[in-house]
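Colleague: All chains should be built: construct the whole structure from the sequences, respecting the hints.
Protein chains in written order, with the working numbering: chain B, 40 to 254; chain E, 40 to 254; chain Y, 40 to 254.
Just so you know, the hints here were simulated from the structure itself, not pulled from any lab data.
Keep in mind that this is a model prediction, so the values were computed, not measured.
Each statement offered as a hint is correct.
Note that identical chains are pooled: a pair holds if it fits in a single copy or bridges any two copies.
Computed list of lysine-lysine pairs in DSS-like fashion (alpha-carbon distance at most 25 Å, straight line):
id, residue 1, residue 2
1, Lys91, Lys207
2, Lys99, Lys207
3, Lys226, Lys76
4, Lys207, Lys226
5, Lys76, Lys91
6, Lys252, Lys182
7, Lys226, Lys91
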Amino acid sequence: MGFASIMKIFLPKDRVFYGLFEEVSNNLTQMSDIFNKAVVEKDVTARNTLLKSLEEWEHKNDEVTHKIFIELGRNFITPFDREDIHYLATSLDDVADYLWGASKRVMNYGIDDLDEITLEFAQIIAKSITALNKAIHGLRDMKDLRSLTEACVLINSLENEGDDTLDKGMMQLFSSNINPVEIIKKKDLYQMLEIVTDKCEDAANVIESIIIKYV
Amino acid sequence: MGFASIMKIFLPKDRVFYGLFEEVSNNLTQMSDIFNKAVVEKDVTARNTLLKSLEEWEHKNDEVTHKIFIELGRNFITPFDREDIHYLATSLDDVADYLWGASKRVMNYGIDDLDEITLEFAQIIAKSITALNKAIHGLRDMKDLRSLTEACVLINSLENEGDDTLDKGMMQLFSSNINPVEIIKKKDLYQMLEIVTDKCEDAANVIESIIIKYV
Amino acid sequence: MGFASIMKIFLPKDRVFYGLFEEVSNNLTQMSDIFNKAVVEKDVTARNTLLKSLEEWEHKNDEVTHKIFIELGRNFITPFDREDIHYLATSLDDVADYLWGASKRVMNYGIDDLDEITLEFAQIIAKSITALNKAIHGLRDMKDLRSLTEACVLINSLENEGDDTLDKGMMQLFSSNINPVEIIKKKDLYQMLEIVTDKCEDAANVIESIIIKYV
Numbered sequence: 040m041g042f043a044s045i046m047k048i049f050l051p052k053d054r055v056f057y058g059l060f061e062e063v064s065n066n067l068t069q070m071s072d073i074f075n076k077a078v079v080e081k082d083v084t085a086r087n088t089l090l091k092s093l094e095e096w097e098h099k100n101d102e103v104t105h106k107i108f109i110e111l112g113r114n115f116i117t118p119f120d121r122e123d124i125h126y127l128a129t130s131l132d133d134v135a136d137y138l139w140g141a142s143k144r145v146m147n148y149g150i151d152d153l154d155e156i157t158l159e160f161a162q163i164i165a166k167s168i169t170a171l172n173k174a175i176h177g178l179r180d181m182k183d184l185r186s187l188t189e190a191c192v193l194i195n196s197l198e199n200e201g202d203d204t205l206d207k208g209m210m211q212l213f214s215s216n217i218n219p220v221e222i223i224k225k226k227d228l229y230q231m232l233e234i235v236t237d238k239c240e241d242a243a244n245v246i247e248s249i250i251i252k253y254v
Numbered sequence: 040m041g042f043a044s045i046m047k048i049f050l051p052k053d054r055v056f057y058g059l060f061e062e063v064s065n066n067l068t069q070m071s072d073i074f075n076k077a078v079v080e081k082d083v084t085a086r087n088t089l090l091k092s093l094e095e096w097e098h099k100n101d102e103v104t105h106k107i108f109i110e111l112g113r114n115f116i117t118p119f120d121r122e123d124i125h126y127l128a129t130s131l132d133d134v135a136d137y138l139w140g141a142s143k144r145v146m147n148y149g150i151d152d153l154d155e156i157t158l159e160f161a162q163i164i165a166k167s168i169t170a171l172n173k174a175i176h177g178l179r180d181m182k183d184l185r186s187l188t189e190a191c192v193l194i195n196s197l198e199n200e201g202d203d204t205l206d207k208g209m210m211q212l213f214s215s216n217i218n219p220v221e222i223i224k225k226k227d228l229y230q231m232l233e234i235v236t237d238k239c240e241d242a243a244n245v246i247e248s249i250i251i252k253y254v
Numbered sequence: 040m041g042f043a044s045i046m047k048i049f050l051p052k053d054r055v056f057y058g059l060f061e062e063v064s065n066n067l068t069q070m071s072d073i074f075n076k077a078v079v080e081k082d083v084t085a086r087n088t089l090l091k092s093l094e095e096w097e098h099k100n101d102e103v104t105h106k107i108f109i110e111l112g113r114n115f116i117t118p119f120d121r122e123d124i125h126y127l128a129t130s131l132d133d134v135a136d137y138l139w140g141a142s143k144r145v146m147n148y149g150i151d152d153l154d155e156i157t158l159e160f161a162q163i164i165a166k167s168i169t170a171l172n173k174a175i176h177g178l179r180d181m182k183d184l185r186s187l188t189e190a191c192v193l194i195n196s197l198e199n200e201g202d203d204t205l206d207k208g209m210m211q212l213f214s215s216n217i218n219p220v221e222i223i224k225k226k227d228l229y230q231m232l233e234i235v236t237d238k239c240e241d242a243a244n245v246i247e248s249i250i251i252k253y254v
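Modeller: Written as structure tokens, this is what we have:
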């Protein structure tokens, strides 16, 4: 019997959730990095290769999320409330889904001129996912509650920035003489990106409620 | 005192949920059958008569869903977790709502030329609701867990097909020279139909989590 | 030690929720009043001043909602089920968000000619929020269960009216010779307003389930 197997016996079953959530938030960080590389890439072919690669990450993330739900069904004891685990897993899965959804739209709709609004969203999403990743890794030991809370507050304010960016984007679309079909395409893209920030906020709110119960 | 009344006394109160969920999933099957008949009907008047009839089914379904929530409030003991009953009822209700929503749009927007994309969605929805119906009827005795799980896996893969159909549909709309107003109408219809497959998946995920807790 | 401090000691901790929910529903009533004043205001500058003032109310509401979640984390004993408090707070917060979202769209999109559909929505929302406010104030003593239930039933039927208004609005947009960009703007506005009625219904459904468990 190897060391790993012995460890597995002594590892409290409920600690498996920390590792799974960390895996998800690492995946999201990768996805956000790739998305941010893609939106500043001028060469459309190279950009689409980057965007296309997000599909695989999204699938990978689906599998980890599925594992979380299976563990949730199996484990009677969980490190935090069952419904918090459920909400957190669902919100994080949605972050991946909508980021991939936005990427697909860029490719499928042939939106080759990625505008300032899209770049702004990419940066907001990067900041939000960085804070989310930090918060999720902080759940394991719950040592630095102040920085955990600060990360959640930051994600909330980034969601407000996302709202403002969407408003600005829509006003620009309507004030310019862009043809209606282009408006439909970009509106769809902007909305997807704004939902990414919403779902990050949903996840942060769950984390905040976990912290409140802990203290 | 008749046999039925005697049975009612001995029938464990929590078993009422099986019958109610089966009623809902039978309703959904009827709705999907009617919708599939409607989309291949060439005569617009006959088609609209079929589509219009879905409103009554949707109302019928609302009432059963309402009964589930009332029983959920009344019964202290439930056959599966309370939040699972809540989620399952909500998802199934949404399936009916969005299918009726899509049907209304076909009529209200005067989308008389139902295209290949709509037919494809109708077939995906039919397969998904057939699998859902099977899974829900399997909950009562939990005998054939393998086929229950297979139904849920199928519904998940049909939701992916629905995603692809939406992508294909949107690309066709944008690549053709359709006028923007037609794009707005069809985009709305396609999105409603895609949400039907999403809600079937939500229901399947709840069923899967019920199975996991059972084994 | 003042009287207030003494009272605080004797006030059962879980009763704090009633006051917070009442604060939220009072805020929503204010928001709905302002919105209804705005939509009948002919002077665009005066109208936008009214609409703009909703932002502050929305922020105020966010803070009370946040307090509810903090109390939910802190209090082991709650007056009704924890998940009901969570759902109710979320739905009410969404009512404020979407009403402010609709108001922003009127301003940002420069929709200066507020049509009959928008006025109709404003009135439906006013009736729905009035009923909601009444229901929420009724939760504290649970004395008049009949009028509590009637308020919830009314909100449900107002949501159906909202659906019909949206259908009518969309048919008018498509049947007129409005240009596509105007259709996109108004569709977005109508949908936001319809979601307000949906979220009122979500809140009413939670209240109904609280009543069912109580009787």
